[in-house]
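Just need the whole structure built from these sequences, with the hints factored in.
Chains A and B, in that order, give the protein sequences. Okay, so the first sequence: first residue is 193 according to this note's numbering, each after it adds one. Okay, so the second sequence: first residue is 18 according to this note's numbering, each after it adds one.
Treat the hints as calculated values from the structure; they're not laboratory data. Careful: at least some of the hints might be erroneous.
[Unchecked claim] Pairs of lysine to any residue, SDA-like flavour, derived with a Cα cap of 20 angstroms:
| # | chain 1 | residue 1 | chain 2 | residue 2 |
| --- | --- | --- | --- | --- |
| 1 | B | K381 | A | V282 |
| 2 | A | K327 | B | D407 |
| 3 | B | K381 | A | E404 |
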Amino acid sequence: MNLHTLKLKIDGIDVECTEGSTILTAAKAIGINIPTLCYLDGLTPYGGCRLCIVEVSGTSKLFPACATPVASGMEVTTQSPKLYEYRKMVLETLLAERTHICAVCVANDHCELQALANQHGIDHVSYERNWSTNKIDSTHDSLVIDPNRCILCTRCIRVCDELEGVHTLDLKFRGKNADVIMDQDEPWVKACSCTSCRKCAKVCPVGAIYVEGENIETTKIPDVAAFIVERRKRLK
Amino acid sequence: MADKKILISPVTRIEGHAQITIHLNDDDTVKEANFKVTDFRGFEKFTENRPFYEMPSITSRACGICPVSHLLASAKACDQIVGVNPPKTAIKLRRLMHMGQLIQSHALNFFHLSSPDFLMGFDSNPLQRNIFGLIDKEPELAMRGIRLRKFGQDIIEKIAGKKIHSSEWVQPGGAKWPLTQERADYLRANLPEALDAAQKTLDMYKQMLDGLQEEVANFGSFPTYYMGLVTPDDGLEHYDGKLRIIDPTGATVVECVDPAKYQDFIGEAVEPWSYMKFPYFKNVGYPSGAYRVGPLARLNVASHCGTPLADEALKDFKKLGKNGPVQSTFHYHYARLIEVLFCIETSKRLLSDPDIQSENIRSKAFVNNPEGIGVTEAPRGTLIHHYKVDPQGMITWNNMVIATEHNNIAYNMAITQVAKKYVKARELQEGMLNRVEAVIRAFDPCLSCATHALGSVPLDIQLVASNGTLLDRKIRQH
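This is the structure we're talking about:
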């Protein structure tokens, strides 16, 4: 199949990219960084966190850059006061939804949510916080999931399904009641499909899934997803 | 005519929130004084259902002054839960880190909080009677104190990565990373200056002591029991060892090889007017079972320090007790300076230990015991962390007995003694208030720890008549 080359503008810069690219990858190719949380190179875009929203001329609607294909003649704005405020709001709602206390979190200083909150000048949360007290599952030999720190980005679910291929992890319920579960909502130790590969902990952007007692720098290697995809292409 | 009451609220230059109430008799003499702690934090409750290995990190947030002591007591409780002995290098590094904690905390109390009283006078202008006044009047001494405190903090930072709340390093079963050559060399290079500072300060204090005899006699000088950890050969101990209680004559009444059995001989009473509990010696009962902990108690329960310079200093110190324990609360300051000397000598010994840079620093295990108790000697005294966990290692019950709490009955005895000596009017005067506060400062209480409560510490003193009439009240910020 021949892919057409499309021409568009991102932040006033002329860009040429192949049909099927997303706004996010097109922007990245010319060095424009759009903030993301649920998106991860190597995994299918999910469009869940809404942090990568961008403006497209001709419509007042905002588009998630990770899941929006480029179109010819598109004029995209990735940074504006309006987008900054919306992204800040997204981050604050994530912080308010569950119990995020950086000082005692295993991912402190290695957390993507914390880093983005800092970049957006968030020093307090405007919304009433839920202070969730969901049950922590530490039944696995080394892996722990603390749902109180989960932002429901589903990176763990996608890496388990798409790269490890076992689909141990999934979501139950919807909205703020949603939670990551193992197999048929069983304690992790009883989830027989789990291979204990630890990819879920490696790609978790926060401190929700971690390896007990391991240095967080050793655990958190989100680039592992893109690395595996690249290696598999070469092996083919 | 009705009795009256004086209230000092908040108390300044201590760590935490407090209030002192002085009750007067009809003839304006002091009847009694109460030390009240007015905040509550609830660490024991909100840690429920958290994984046990998060406890060092969470509970050490009780205090920004002595977080290392909490970290280590908590880590020792966690060691028991996983049921392993940490490798010897991990224990030595934890001990070294604790030496850093004691040096920095004692230097903070002596130089920054207490010495302005002795060096500038109890009746001097309160605007000058602080660390900044000290820098103006005695710049060399103030700098020595600041450098000494820095050395203690450097030890903590070089081992664990951060000066305060370096909680990631301590792990159940040991520690996360070893001490590098470069960091060990840095500490070794700074040892001589710290040792010199500690010796000079101790010499200076001993010379000053003759001029402070009135304070020695009246600042909480009374017989009590004393409690502290000692080594197997009865030496000074801060990290492990057996728990000893001596009576007011110095005779050993409890010698507990397993400090985890603390509940057998320590009871905890509660008074409705304070958030701080009142621990007491069970064999005697409440409130007559008052005991003291901290530097004074540790030197009273130990027969020797185990390092040459501190042992020399201890001999002179023990003479003050005339064949028994040293009873004046004012001598906490003296004991603190001897401990600083001991800690620097011990740091030197640990830093020259061939094991100290070994990379074997952690024994790994899962939950093996449903309960763990960790005991250390924090700068302010015996600190106990006691946890119970479910089979997955989630905390189901948590009891923290804080160093400052043990002294609670003694605080009330001490401020009553000072108030009886110095409060002689229906109005509050500056020097009088400062002496009442100074006796509390001699104990070096940490009320944020003791109530597991938050906040800075101002002073609030009230003078109240027996019919409840407020005669006078002074409120000061830091």
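Comparing the hints with the structure gives:
no.	hint	in the structure
1	B/K381 / A/V282	violated (40 angstroms)
2	A/K327 / B/D407	holds (13 angstroms)
3	B/K381 / A/E404	holds (10 angstroms)
Hint compliance for this structure: hint 1 is the single one not met.
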